[in-house]
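Given next are the chains, with one letter for each unit.
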Amino acid sequence: GNSVTQMEGPVTLSEEAFLTINCTYTATGYPSLFWYVQYPGEGLQLLLKATKADDKGSNKGFEATYRKETTSFHLEKGSVQVSDSAVYFCALLLNDYKLSFGAGTTVTVRA
Amino acid sequence: DAGITQSPRHKVTETGTPVTLRCHQTENHRYMYWYRQDPGHGLRLIHYSYGVKDTDKGEVSDGYSVSRSKTEDFLLTLESATSSQTSVYFCAISEPKGQSNTEAFFGQGTRLTVV
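Protein chains in written order, with the working numbering: chain A, 1 to 111; chain B, 112 to 226.
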């Protein structure tokens, strides 16, 4: 079946630190890959996506590259801010149009 | 923001009672989904709909039923609520445009507590 595995959190960082959240997937087929972010008390928002191998998604200083050879889609940001504190979800989509999510990683950035 | 409204936003109910959660969209998207969010599990798909009166089960459908009588509304019913159904429920919508051009939009969530 299709599944997404994320690094476990919580992750606590200082402002301006480098953030990496690992994500690997298992899929029958060639999925599109997503990172969603959930700020406290809110629903999920799409952060970035990549739809084929070697694509790089980017938004708000975050980046992730679709690596087919390692079935990975790691999220990175070079310098985090307090406002980046949130829960981050990796997800995949196949042609059945059902999103499969990882468990989520809680990130807290301290000033 | 995508026009998705979930109601109620919070509910406390007793074990064994029926509960219905509503998702309303103004985007005319064909697909609608119900997910539950639990610590350590991320979001898990309960049921989804690919059109009016067209629904299918997700990975955690036991104890839940859904109905979609019109494009804009997708109802999730817990026939007899149990404590294991205490969770945060999210509705999502999408309009498929091929796998590479489809994304989902989420509602604000409904926090359900079964006591």
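One or more hints might be untrue.
Claimed, not checked - When the alpha-carbon atoms are kept at most 20 Å apart in a straight line, the in silico DMTMM-like pairs for lysine to aspartate or glutamate are as follows:
1) B:Lys122 x A:Glu42
2) A:Lys98 x B:Glu214
3) B:Lys181 x B:Glu170
4) A:Lys98 x B:Glu190
5) A:Lys98 x B:Asp165
6) B:Lys168 x A:Glu15
7) A:Lys98 x B:Asp173
8) A:Lys98 x B:Glu125
9) A:Lys98 x B:Asp184
10) A:Lys60 x B:Asp165
11) A:Lys98 x B:Asp149
12) B:Lys208 x A:Asp96
13) A:Lys56 x B:Asp173
14) A:Lys52 x B:Glu214
15) B:Lys208 x A:Asp55
16) B:Lys208 x B:Glu138
To be verified - Residues from chain B shown here face chain A by an in silico Cβ test under 7 Å; the list is partial:
17) Tyr142
18) Tyr175
19) Gly218
20) Gln219
Hints were generated in silico from the structure; no laboratory data involved.
These figures come from a predicted structure and were not determined experimentally.
Backbone N, C-alpha and C fix where the C-beta goes; we use that ideal spot for every residue, glycine too.
Q) Between Lys98 (chain A) and Glu214 (chain B), does the CA-CA distance stay at or below 20 Å? A) holds, 10 Å
Q) For the pair supplied as a hint, Lys168 (chain B) and Glu15 (chain A), is the alpha-carbon distance within the 20 Å limit? A) Given pair Lys168 (chain B), Glu15 (chain A) is violated - Cα atoms ~43 Å apart, limit 20 Å.
Q) Can the hint on Gln219 (chain B) be confirmed by a CB-to-CB distance to chain A that is less than 7 Å? A) Cβ of Gln219 (chain B) sits 5 Å from chain A, so the hint holds.
Q: Below or equal to 20 Å on CA atoms is what counts here, so check Lys56 (chain A) against Asp173 (chain B).
A: violated, 38 Å
Q) Holds or violated: Lys208 (chain B) with Asp96 (chain A), Cα cutoff 20 Å? A) Holds: Lys208 (chain B) and Asp96 (chain A) sit about 12 Å apart, inside 20 Å.
Q. Once the shortest beta carbon distance from Tyr175 (chain B) to chain A is found, is it less than 7 Å?
A. Cβ of Tyr175 (chain B) sits 16 Å from chain A, so the hint is violated.
Q: Go through the hint on Tyr142 (chain B) and say holds or violated, using the shortest Cβ distance to chain A against 7 Å.
A: holds, 6 Å
Q: Given the hint that Lys98 (chain A) pairs with Asp173 (chain B), test it: the Cα-Cα distance must not exceed 20 Å.
A: Answer holds: Lys98 (chain A) to Asp173 (chain B) is near 18 Å, not above 20 Å.
Q) Taken at face value, is the distance from the CA of Glu138 (chain B) to the CA of Lys208 (chain B) at most 20 Å? A) Status holds; Cα separation ~14 Å.
Q. Is it true that the CA of Lys60 (chain A) sits at most 20 Å from the CA of Asp165 (chain B)?
A. violated, 37 Å
Q) Is Lys52 (chain A) within 20 Å of Glu214 (chain B), Cα to Cα? A) The hint holds at about 15 Å.
(Q) Holds or violated: Lys98 (chain A) and Glu125 (chain B), Cα atoms, limit 20 Å. (A) This hinted pair is violated, its Cα atoms lying about 31 Å apart.
Violation of the numbered hints given earlier is confined to hints 3, 4, 6, 8, 10, 13, 18; the remaining hints are satisfied by the structure.
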